[in-house]
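> Residue strings, one per chain:
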Amino acid sequence: MARMPVQFRLNGSDRAVFVEPAETLLGTIRRGLGDFAPKFGCGQGTCGVCTVLVDGEPRLGCLTLSVTCEGRSIETASGLADGPTLHPLQAAFMEHFAAQCGFCTPGMLMAAKALLDRNPDPTRVEVVEAIAGNICRCTGYEPIINAILAAAQQRGARRA
Amino acid sequence: MSVNVRIVQGLQEAASILASDNGAQLLGGGTLLVRTINEGLMTEGTLLRAIDPVLLAMNTGGARVELGAGVTMAMVLASRDLSYLHAPARGIGGPAVRTTATIGGNLFAATPYGDFATALLALDAVVTLHAGSGGAREMPLEEMLANRARGGVGLVASVVFNRPAGADAFRFLKVARVRPKGISVLSIAAHLPQNAGRISGARIAYGAMGPTPLRAKAVERVLEGRSLDAATIAAAKTAALEGTQPATDAIASEWYRREVLPVHLGRLLAGETS
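Heads up: the sequence lines are chains R and D, in that order.
Residue 135 in the working numbering sits at position 135 of the first sequence, with consecutive numbering throughout.
Residue 387 in the working numbering sits at position 227 of the second sequence, with consecutive numbering throughout.
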């Protein structure tokens, strides 16, 4: 089957790739473009480790076909830090011990970013809902929830 | 062989391809079909991606509501006019699923999925179908779901239904073992219009209680013309299981689904669900 050309922005950089017709965005990002932040977990839309943002909305890279992303802006956890300066969410995850094995962390961070970009001052319930599609087998979720709330608080304090 | 993706502009063109190519399937958000590719269950064939703007149309302000089949659960949740559908939309996956999962896709989701279709069934929805070269036609959702297993339904372009009579007239309950995101043990949708304190034209639908979402017609008959009091609810619970064919799967056994359905139906009718 002929490969198809796709162009999109990945973490602010224009990228052009040829993809298999039914290739997933996760496969393109990892194998084609060498960004290994989003992970392959279940391949069923259950675990959320492949979560990326497409035009600011959380999407599952494993269930999104690359050919549907023509002209879109893709964000992964690799694009969060500004050089050596961590994104407030990354810093809060470190501060609150929100990562143990770390496999879920890139997906958690992007799910959390989607929430805070849309709702800078979320309630605890809203945080729980925002990460409901992301499974963590290590932390029991509480440190992650606390980290996201802390990042929101910090961003709010910076705005005030 | 491998899976091809074909992007088509018009619905009629997509419908013609679906009618002539047995290996072609319409790609909605991909939450069902791409999963089958990942699992190695679909290794050849064609995915059709129709980009007709009709699929994303939302007419929500009037008494008659029309939603394009490509409207996502996130789009439903973003609409204040559709607040009565927020509970079933929120029940579909997590946020990253809801940005892609479409109404049209949910109509074809195998049990125990299909909670949004269950809600639409209780709203007496009608689907607009494109099949082959015959143009568009309407079909009750109940009939479409019954035909679904046989295949060849055609391309669903939109769903149309009447807005529920009042804020309390439409109720939805999803029973899952995992919260806030879990696959349904079962779901129940109830449209309960009332006239002078008595139910008139009740529609009750179940999800995960049969091969497709199904109407609980025995319960509807019990409710018709009665007030929603304790005696009516007790009678409805007695009739709850008629016509159901639940399956045993990884989420729940057929026995368990039968055991808990009347309990949850009673709670939904009594307004005891949160």
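Incorrect hints may appear among the rest.
[To be verified] Residues of chain R clear of chain D, computed beta-carbon distances all greater than 10 Å: (1) Asp14; (2) Ala22; (3) Arg30; (4) Gln44; (5) Arg59; (6) Cys62; (7) Gly79; (8) Thr85; (9) Glu95; (10) Asp117; (11) Asp121; (12) Ala157.
[Said to hold, decoys possible] Chain D regions said to be covered by chain R (calculated; three or more residues, Cβ under 8 Å): (13) 209-220; (14) 255-264; (15) 269-283.
It should be emphasised that the hints constitute simulated quantities derived from the structure, not laboratory data.
Just so it is clear, the structure is predicted and the values come from calculations on it, not from any experiment.
Think of the CB as a built atom: it goes at the ideal place given N, C-alpha and C, for glycine as much as any other residue.
> Determine for every hint whether it applies to the structure shown.
Status of the hints after comparison with the structure:
1. Asp14: 21 Å, holds
2. Ala22: With a cut-off of 10 Å, R:Ala22 comes too close to chain D, as the shortest Cβ separation is near 4 Å.
3. Arg30: 14 Å, holds
4. Gln44: 5 Å, violated
5. Arg59: Violated, because the least Cβ-Cβ distance between R:Arg59 and chain D comes to about 6 Å, which does not exceed 10 Å.
6. Cys62: Violated, since 6 Å does not exceed 10 Å.
7. Gly79: The claim holds: R:Gly79 sits with its nearest Cβ about 17 Å from chain D, beyond 10 Å.
8. Thr85: Check passes; 27 Å lies beyond 10 Å.
9. Glu95: Answer for R:Glu95: holds, closest chain D Cβ roughly 24 Å.
10. Asp117: 12 Å, holds
11. Asp121: Non-interface label on R:Asp121 holds, nearest chain D Cβ at 17 Å vs cutoff 10 Å.
12. Ala157: 26 Å, holds
13. 209-220: violated (count 1)
14. 255-264: Three-residue rule met by the segment 255-264 of chain D, so holds; n is 5.
15. 269-283: violated (count 0)
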